[in-house]
Amino acid sequence: MQDDRQPILSVRNLKTSFFTDEGIVRAVDGASFDVHLGQTLGIVGESGCGKSVTALSILGIVPRPGRIVEGEILLRREPEDGQAHEIALTSLGDSSREMRSIRGAEIALVFQEPMTSLSPVHTIGNQIIGAARLHRNLTRREAGELAVELLSLVGIPRAEAAIDAYPFQLSGGLRQRALIALALSCEPRILIADEPTTALDVTTQAQILDLLRSLQEQNGMAIMLITHDMGVIAEMADQVVVMYLGRVVEEGPVETVFGESKHPYTQSLLRSIPSIHSTPKVQLPTITGTIPHPYNRPAGCPFHPRCPDVIPGVCDKHEPELHSVGDEHLVSCFLYHPVPETIS
Amino acid sequence: MENEQVLLEVKGLRKFFPIRKGFWQRAVGHVRAVDGIDFHVYKGETFGIVGESGCGKTTASRCIVRALQPTAGEIHFRVNDGEMTDVANLSRDELQPLRRHMQMIFQDPFSSLNPRMTLFDIIGEPLLVNGVADRRQRIERVEELLALVGLRPEFLQRFPHAFSGGQRQRIGIARALALNPSLIVADEPVSALDVSVQAQILNLLLELQERLGLTYLFVAHDLSVVKHICDRVAVMYVGRVVETAQTQQLFESPKHPYTEALLSAVPQPDPTLRSQRIILEGEVADPANPPSGCYFHPRCRYAVDLCREQTPELEEVEPGHAVSCHRALELDLAGTLDAPIPQTAHS
Chain A
1 MQDDRQPILS VRNLKTSFFT DEGIVRAVDG ASFDVHLGQT LGIVGESGCG
51 KSVTALSILG IVPRPGRIVE GEILLRREPE DGQAHEIALT SLGDSSREMR
101 SIRGAEIALV FQEPMTSLSP VHTIGNQIIG AARLHRNLTR REAGELAVEL
151 LSLVGIPRAE AAIDAYPFQL SGGLRQRALI ALALSCEPRI LIADEPTTAL
201 DVTTQAQILD LLRSLQEQNG MAIMLITHDM GVIAEMADQV VVMYLGRVVE
251 EGPVETVFGE SKHPYTQSLL RSIPSIHSTP KVQLPTITGT IPHPYNRPAG
301 CPFHPRCPDV IPGVCDKHEP ELHSVGDEHL VSCFLYHPVP ETIS
Chain B
1 MENEQVLLEV KGLRKFFPIR KGFWQRAVGH VRAVDGIDFH VYKGETFGIV
51 GESGCGKTTA SRCIVRALQP TAGEIHFRVN DGEMTDVANL SRDELQPLRR
101 HMQMIFQDPF SSLNPRMTLF DIIGEPLLVN GVADRRQRIE RVEELLALVG
151 LRPEFLQRFP HAFSGGQRQR IGIARALALN PSLIVADEPV SALDVSVQAQ
201 ILNLLLELQE RLGLTYLFVA HDLSVVKHIC DRVAVMYVGR VVETAQTQQL
251 FESPKHPYTE ALLSAVPQPD PTLRSQRIIL EGEVADPANP PSGCYFHPRC
301 RYAVDLCREQ TPELEEVEPG HAVSCHRALE LDLAGTLDAP IPQTAHS
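Quick note, the sequences are listed as chains A and B, same order. Take the first sequence: its letters are residues 1 to 344, numbered as in this note's numbering. Take the second sequence: its letters are residues 1 to 347, numbered as in this note's numbering.
Because the hints were derived from the structure by calculation, they are not lab data. Quantities reported herein were computed from a predicted structural model and do not represent experimental measurements. By construction, the Cβ of each residue, glycine as well, lies at the ideal position given by its N, Cα and C atoms. It is possible that part of the hints are untrue.
[Claimed, not checked] Below, a sample of chain B positions facing chain A; criterion: calculated Cβ distance under 8 Å:
1. 195
2. 269
3. 279
[To be verified] For the chain B half of the interface with chain A, some residues (derived, Cβ under 8 Å), not all of them:
4. 53
5. 199
6. 225
[What the hints assert, rightly or not] Computed footprint of chain B on chain A, listed as stretches where at least three residues anywhere in the stretch have a Cβ under 8 Å from a Cβ of chain B:
7. 16-30
8. 196-204
9. 267-275
My request is simple: use the sequences and hints to build the entire structure.
And the structure:
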C-alpha cells in the first residue's frame, strides 16, 4: 500500500503555450497541483481557462503549435524494489516508447464527446481488445473476455452482444459508458475525465457519475475530473482546483472551496449560479465583462479587470502567487498575501 | 393567476415525423416527437418546458411559432389583446401578419447569426421584412435595440465574429425584440454560455420582461435555471407532458415519479448536499416505438400492473397542478425544497 499522502501525480508550475501566427497563447500559465490515489481532483473553470490543455499536457498530446514550455509533471510508480520512484513525464518525448506505454495504460483519458473519440469503423469490442492487447500481454480470446467483463462492469446491458456494436448504434449514455470501459481496459491508476457528462442529460449524467464513483471505490484509482459545472464538482470531487485564464486561482478541499471560498473569482462564480434553493426571479450577481481573449491577457492578475475587490496599482501590475490561507487551502490573490516590494 | 389573460393556448398538439424506407420512401412508422400536449401560457409570465433530449420540447416550441407544421392540434394565440386565433391551421399568407408577434431566441449564438451580415443587417432585417423601408428609421431602431440589450450603438457596422458568446446572444435577443413581439420563444437561450455569462443573460431576460411586459416560453433542460426564471413549468417525457404546475409547487412537491427523479439528479453546487440520488435505470424510451401504457413505466420504481396497460391522462390533482400518473394521489414524492438550505457561505 502506498502512503496516502504521497501524490501519484504531481504537476509543478506547468506552462503550456500555443505559438500561433497571431501571437503566443499562454493556455496554461503556471499550474501546480497533486493527484492522490483513491481521490477525485476536480478542475473547474470557464472556457479558455486551460483545464483541457492541462489534461493534454499530462498525457503529452498537446496539439501543434502548442508545447509545454516549462514545468514538471511527475508520475509516481509503485515501489518495485521497496523504493518508489518518480518519472518526469515532461522529460520523456511525446512519442517515446515509455510515454506511449504510460499513455492509455497508467493514465487513461475519457473525453467529452463519445461520438468523436470512438472510432466509427470499429466495433466497441475490437476497440477495447486492441487497446488491451497493445498494453497488456493478452491473447485475443482473453482480451475478448475482458471486453465483455468491462462492458458489463460499466453497466451496458447484454454485453456479449454489445461488443459487436458500432458506436453509432449506441445512445449517448451507452457510448460514454463504452468509452469508460475502454479507458479502464488497461487498469489505469489515473483516470482523466474531461467533461465526461457535459453532452449528457441530467438523469444519464447521474448514472455516469455514480458509475465513476463506484469504479473508484472498487479499484482505488485516482480521478482527475475536468468540468465547468460547479454542481458536478461539488458532487464528485475531494480536492478542487479553480482555474482562470491558465492560472490556478484557488485550490483546496471541496468543502473549503465551496464553503469558505477566498478568491473573488471563485466567490463571484458561485454567487452567479442560479440554484434550486435561491430566490427566484431576482437579478443574479454577475461578474462584469467577459473572459478576455487569450491574445490580450491583462497584465498582473488575469482577473483584475473583472474583479470587484481590485486593488488599483497592485493587481494590475504584479502577478499574485498561490499562498496558503488555511489547511491545504491555497489562494492566489493580493487580498491574502503581501504585495511584493515595488521595483519601480 | 386564474383571471389573468391567456396569451397562448395549446390543445392536443402533435407532431409526427415519418420514418421513410425503401425505394418509394414509404412511411413505415412515425417518430412521435410531440404526442398530444396541452398547456396554456398567461400574458406576462414565463412558462418553462423542461425535459431531457428527445422529449419533444424543441419540436413543440418550433410548432408553436410555426417553424414546423404541426400534425394535429390547435395553437390559439391572442393578438394585440384581441381575439384568440388558431395559428396551427392558418395558411402561409394568413400567418404572415401574425408572425411578428412571436419571435425566437436560439440556443447557439454562433450558428444563429449570419457571419456575413453586420449587426445592422441582422437586427434590421425583421424591420425590413415587415415594411420599415426607411433606412434612417431602421438605424434609429437598431441603435435603440442595441442599447436595450446592453451593447454599444457604435457596434452597428460590425460583424458577429467580433463578439463573444454572451454578446452574440444579446444580438440574438435584440433581433427577437425588433418588432415588439408579445411572445418570445427561447429555446435553451443560456445553455451554450459560460456560467458567469449565463447569469448576465438571465438578468437581461428578467429585466426586459419587466420593462416590456414580455411573455416567455422558455425551453430548457437546466432545472436550476428554470427554477430561477419560470413562473410555471411543464415537464415533458417522450413527447408528452407528464406534469405541469407552478414552479414552487413543482419543485416542492412533485407528483410524477419522473419529475422526482429529474429533480434529484441535478447536481447542486454545494458539497454538503451530497444526498442519495435517485438513479434512473435504463434509457429514455424511443419515441418511434414507445412502451405500452405509461411511457415512463419501464424506468419507474413505483410502477404497478396498471401502468403497463393503461396510458394515464393529464389530470388536475390540485388547482393549477396537473399530473399524468395513475398513482399521483397515493405517492408521497420528495421535492428539492423539503429542507430549505439558507444561502450560506458564499456571501
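Checklist entry - Per the coverage rule (Cβ-Cβ under 8 Å, at least three residues), is the segment 196-204 of chain A covered by chain B? => result holds (count 4)
Checklist entry - Does residue 199 (chain B) pass the interface check with chain A, least Cβ-Cβ distance below 8 Å? => result 4 Å, holds
Item to check | Coverage criterion applied to the segment 16-30 of chain A (partner chain B; beta-carbon cut 8 Å; 3 residues) | outcome: Three-residue rule not met by the segment 16-30 of chain A, so violated; n is 0.
Item to check | Residue hint residue 195 (chain B), partner chain A, criterion CB-CB below 8 Å | outcome: 6 Å, holds
Checklist entry - Count the residues of the segment 267-275 of chain A with a beta-carbon closer than 8 Å to any beta-carbon of chain B: does the count reach three? => result Holds, because 9 residues of the segment 267-275 of chain A bring their Cβ atoms closer than 8 Å to Cβ atoms of chain B.
Checklist entry - Given residue 53 (chain B) as an interface hint, is the shortest Cβ-Cβ distance to chain A below 8 Å? => result Holds, about 6 Å.
Checklist entry - With 8 Å as the cut and Cβ atoms as the points, is residue 269 (chain B) at the interface with chain A? => result 4 Å, holds
Item to check | Interface hint compliance - residue 225 (chain B) to chain A, C-beta minimum distance less than 8 Å | outcome: At about 6 Å, which falls below the 8 Å cut-off, the nearest Cβ of chain A leaves the hint on residue 225 (chain B) intact, so it holds.
Checklist entry - Does residue 279 (chain B) meet its interface restraint, that is, does its C-beta lie within less than 8 Å of any C-beta in chain A? => result Hint holds; residue 279 (chain B) Cβ to chain A Cβ min 5 Å, cut 8 Å.
Checked against the numbered hints above, the structure violates only hint 7.
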